[in-house]
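J.: Please construct the entire structure, taking both the sequences and the accompanying hints into account.
Given next are the chains, with one letter for each unit.
Protein chains: 4
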Amino acid sequence: MTNTQVTLIQIDNYGPWTVTPEPRREVDLQTLQSRLYADLSQLFGNREGYVFFSRFDNMIAVTNGLDADDHALIQESVANRYPVTVSLGIEADASPAAALGTASTQLQEAGSAQDAARTEILRGDPIPEPARTGEDVQIAHFDVNDATGKYTDQLNEFDSFIRIEQGYASLMQHMRKAHEALSFFVGGDNVIAICPAMDEEDYREAIDHVREDVEVELKVGVGRARTAQAAGMDAKHALETCRHEETAVEFRTQ
Amino acid sequence: MTNTQVTLIQIDNYGPWTVTPEPRREVDLQTLQSRLYADLSQLFGNREGYVFFSRFDNMIAVTNGLDADDHALIQESVANRYPVTVSLGIEADASPAAALGTASTQLQEAGSAQDAARTEILRGDPIPEPARTGEDVQIAHFDVNDATGKYTDQLNEFDSFIRIEQGYASLMQHMRKAHEALSFFVGGDNVIAICPAMDEEDYREAIDHVREDVEVELKVGVGRARTAQAAGMDAKHALETCRHEETAVEFRTQ
Amino acid sequence: MTNTQVTLIQIDNYGPWTVTPEPRREVDLQTLQSRLYADLSQLFGNREGYVFFSRFDNMIAVTNGLDADDHALIQESVANRYPVTVSLGIEADASPAAALGTASTQLQEAGSAQDAARTEILRGDPIPEPARTGEDVQIAHFDVNDATGKYTDQLNEFDSFIRIEQGYASLMQHMRKAHEALSFFVGGDNVIAICPAMDEEDYREAIDHVREDVEVELKVGVGRARTAQAAGMDAKHALETCRHEETAVEFRTQ
Amino acid sequence: MTNTQVTLIQIDNYGPWTVTPEPRREVDLQTLQSRLYADLSQLFGNREGYVFFSRFDNMIAVTNGLDADDHALIQESVANRYPVTVSLGIEADASPAAALGTASTQLQEAGSAQDAARTEILRGDPIPEPARTGEDVQIAHFDVNDATGKYTDQLNEFDSFIRIEQGYASLMQHMRKAHEALSFFVGGDNVIAICPAMDEEDYREAIDHVREDVEVELKVGVGRARTAQAAGMDAKHALETCRHEETAVEFRTQ
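Residue numbers (our numbering), protein chains in the order written: chain B, 1 to 254; chain L, 1001 to 1254; chain A, 2001 to 2254; chain P, 3001 to 3254.
Don't take every hint at face value.
With a Cα cut of at most 27 Å, we get these calculated DSSO-like pairs of lysine-lysine [what the hints assert, rightly or not]:
1. A:Lys2150 <-> P:Lys3177
2. B:Lys150 <-> L:Lys1177
3. B:Lys177 <-> L:Lys1150
4. A:Lys2150 <-> P:Lys3150
No lab work stands behind these hints: they were computed from the structure.
Note that this is a predicted model, so its numbers are computed, not measured.
T.: Okay, structure coming up:
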C-alpha cells in the first residue's frame, strides 16, 4: 500500500496582489511565478521531494520524508526572498487525492486564499519517521510515443501543443476518477503522476483510455520507493526501458 | 488588421540531453526549464515582447518590435548562461496561427529538433520598422469568474485545477479553430490569447462556447497596440473593468 | 572628454530588514543579494548599461543611454520580484567620482538609507539624448598577468585571493585619488574601472603604482564609446590584444 | 578544538571559456557568476553549509556535515543547470587555512584550473560522522560600528566602499597571519570569518589591529557549533547583543 505525503503550497492573497494598486507587468509576474517554482523545486528537491507547478499560485508537492520543521524552513526561505509568502497544508494517505483533499481543507479552514490576514499558515500531519516504508510513494512517468517525429517535426508548434494538452487532459481525468491519482504536465511530452498502488493492468487501461479518447499514444515507467525522488528516478529508468524494448508499461523498484 | 510577429523558441536537442548519459534528476530539469522561461520572459519582456512557456522545450513569443539582432543577442545570452542552446524561427502574419506555422516550418526545414548537429538556428523575417502599426497586436486576457470563491476555497486543489484545465482546453481549441488565435495558460485562472482582429461578438461566442462545453464561466479584457506589452497591459486594465462593472467583454485601446 | 552617467542603487532600509524580527538566515541573504545583482545586471545590461555589485546593498551602475523612464521601470520590476525595494540616484559628469558624489547626495538628501519611510526614491538628471557623444564612456579592463600560473595553481586559494585583493585595493585607491575613476572587482583576477579621459601614460603609471605598492603585475585594455556595454566590450578586446602581443596597455575605440 | 571542513569550489577552465571564441558579454558573465553563487549558497545551505563567493571562479565553503555523496550531488546539479562545471576539493583541519591548503593542493595535483581536460574532479576526506563534535566550527561575524551613519549617509558611495574595503583588507590579512582564519566580505559592512578556536582576547586584538591600521571600528559576534549554519546564526545573535549592549565582542554557544 502507498502512503503518499502531499503538501499543498498556496501563495497568500496572490490574486489581489497581482492587480494592486494596478495590474503588475505580466513579464514580472511570469518571472516571479516560474522562479518561485524553480526555488521550491530545489528546496523540496534537496530533501528528496517533488513539486509540480500546476496553477503556479497553487502548487502540489510530494513530501515523504519532510517533517514540519523542514516545511517551516522552506516557508521562511520563501519569505526571505520573495515579495509574497506561502501557506502550506500537509497530509498523507493511501489515496493521493484524499491526501490533497485534507491538505486543501486545512488551508480552507484557516481562511480564504484571498484573505490578506491569512498568511504563512502551516498545518497538517507529516508521517512520523517510524511509520515510513519503502513502498510509500508510487510515481508514474508517462510520455508520448515519438512526439518529436509525429508532432514537433511535422505540425505547427501550437497544434503539437494542442495534441499534447489533449492527451494530458484525458489522462489527468481518467487517473483522477479511476484511481485517485494526481497527474501533472512537466514539459515536453511528459506527464508525471502520483499514484496509489496501481498495477500493470491499471496502467495499460489508462494508456488504452487515452488512445481511444483522443488518439494519443502513451507509454509509462513506474517506480516505487520511500521518497518521491527515488520513485521518480526509478520511473525514469523504467521509461528508458520502454523506449529500448518498445514496451508500453515497465516497473522498476528498488 | 493585426500583424502579429511570432517567434518559436526551441531548445536544441533537448529530449536526448535530458536522458544522456542517463536520466537527469527531475528537480534539476524543472529548475532549468522554469528559469530559462523566466529569463526569456525578461529578455523578450525588456524589449516589449511576451513569451509563453507552452511545452517549455518549445516556447512561443510575440515579438513585434524585435529585429533579427535582438533575437541573436537573446540567443547568445542563453548560450552564455545555460547548458543548452535555443533555435529561433520568426514570422509575422494577420493570423497568429499562420505566423507560427511558418516559424515552425523554418525550424523544421533546418533539421529535426532532436538532431544534435542542428543548433542555434535563427531564421525568419521580422517586420521592417516602417511597416509596423499601432494595431499589429491584439491580446485577450481571460479569467474565470470567482475562481477563488467557487473552486480554490471549495474544492480539493486538484479538482480546482481540473476545472481550470478543462476551461483552458476548451478555449484553446475553440480559439484555434474558429479564429486562428493562440491561447496560453499563464497561471492561476488566467489565459492570455494572441488574436487576429476579433470583435466583441467573437469574444462573446468564445465565452458562450466554453460555458456550454465545460461549464466554466469566463470574462475577457482585450487590448490592441503596437507591441505585446502595451496590448497586454491594456487587456489587463480592460479585465479590471469587467471585474468592477461585472461585464463579460471589455476592450481598451490606446 | 567623457561624460559618464552614474546611477547609485541603494536597497531601502536593508540593514534593519536583515535583522527584523530576528537575524535572517545568511544563505537566504546571500541568495537574495546575488540574485538581485544578477537581475540588475540584466535589467541595466539589456539597455547597454553596466552594474557593479560593490557592497551589494549599494550598487553602482554606468547608465549612459537610460532615461528616467528606464530607471522607473527597473525600480518597479525589482519591487515586483523582491521582498525589498531600491532607490536610485542618477548623475553625469566628466569625473565618474563627481557624478557618483552628486548621485549619493541626492539619495542622502531624501533621507537616511535606514529610514523605513524613505523608499523607492528616484532622483537625478540623465543626459538628454542630443547631448550624448561617442566618447562619453571610458572603461578600462584590468587583469593580473598569469594569475592562474602564479597564484591559482601554486598557492592556497585564500592566499591567491589575498594577493588579488591587495592588487585591487591598491588599484582602486590610486585610480580614485589620481583620476577620480571608480574601480570594481568583477571576479577571477579582473577589475573594471570607470574612467575619465585618461591616456596611455596614465594607465602605465597606475600599473607601475600597483607593482611597486603590492608587487602585483597588471595589464589593461581600454575602450571608449557611447555606452558602457560598447566601451566595455572594446576594453575586453583590447585586453585580448595585450595577451597576444604581451603588451601592458592597449586602447581600442570604435 | 575546532575541526573545520573546508571545500574549495573551482569552476573548470573558466578563464579560457570567458574569452572563447571571443570575449563573452560582461553582463552575462556577471549574471552567470552571481547566480551560480546563489545556487551554491542554497545547495550547500540546505545541508547546513556556508559558501563564500571570494573570487567567484574560486569559491570557498564550510561543509561540516556534508559527505562525499552530498558533494557529488551538488556537482551534478551544477552540470545540469550551467554551461560550466565545477571541481571540488575537501579537507578538514583545526586550522581553516591548513584545511583549505590541502583542499587546494588536491585540485592542483589533478591538473591546472585552466586545463580543458581536468573537469569535475572530486577529491578529499570529509569528516566521518562519529568524529564530528559540537565545537567543530567557529564563526565570527564582524560589522562596522555605525557604518550607515558615518559612511553611507555621509560619504560618496565609492568612498564609503573604499573605507569598508580597507577595513576588510586589514582584517583578512591579520586573521590569516595571526590565526590562520579565513575572512570573507559578505555585503554591506559585514565580514564573516571561519576561525580556529580563538578566544575573546584574540578578537579584541583583531579589532584593535584594524582600528590602528586603517581607522575602521569593528565589533564581532562569535558562534561555535557542529555546522556552519548553526555557528553562523549564533554569531549573528551575538552580534545583535553587541549592538544592544554596545560591546565589542560577544560569544554565543549552543
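J.: The structure should be examined with respect to each hint, and the outcome stated for every one.
T.: How the hints compare with the structure:
| no. | hint | in the structure |
| --- | --- | --- |
| 1 | A:Lys2150 <-> P:Lys3177 | 21 Å, holds |
| 2 | B:Lys150 <-> L:Lys1177 | 21 Å, holds |
| 3 | B:Lys177 <-> L:Lys1150 | 21 Å, holds |
| 4 | A:Lys2150 <-> P:Lys3150 | 39 Å, violated |
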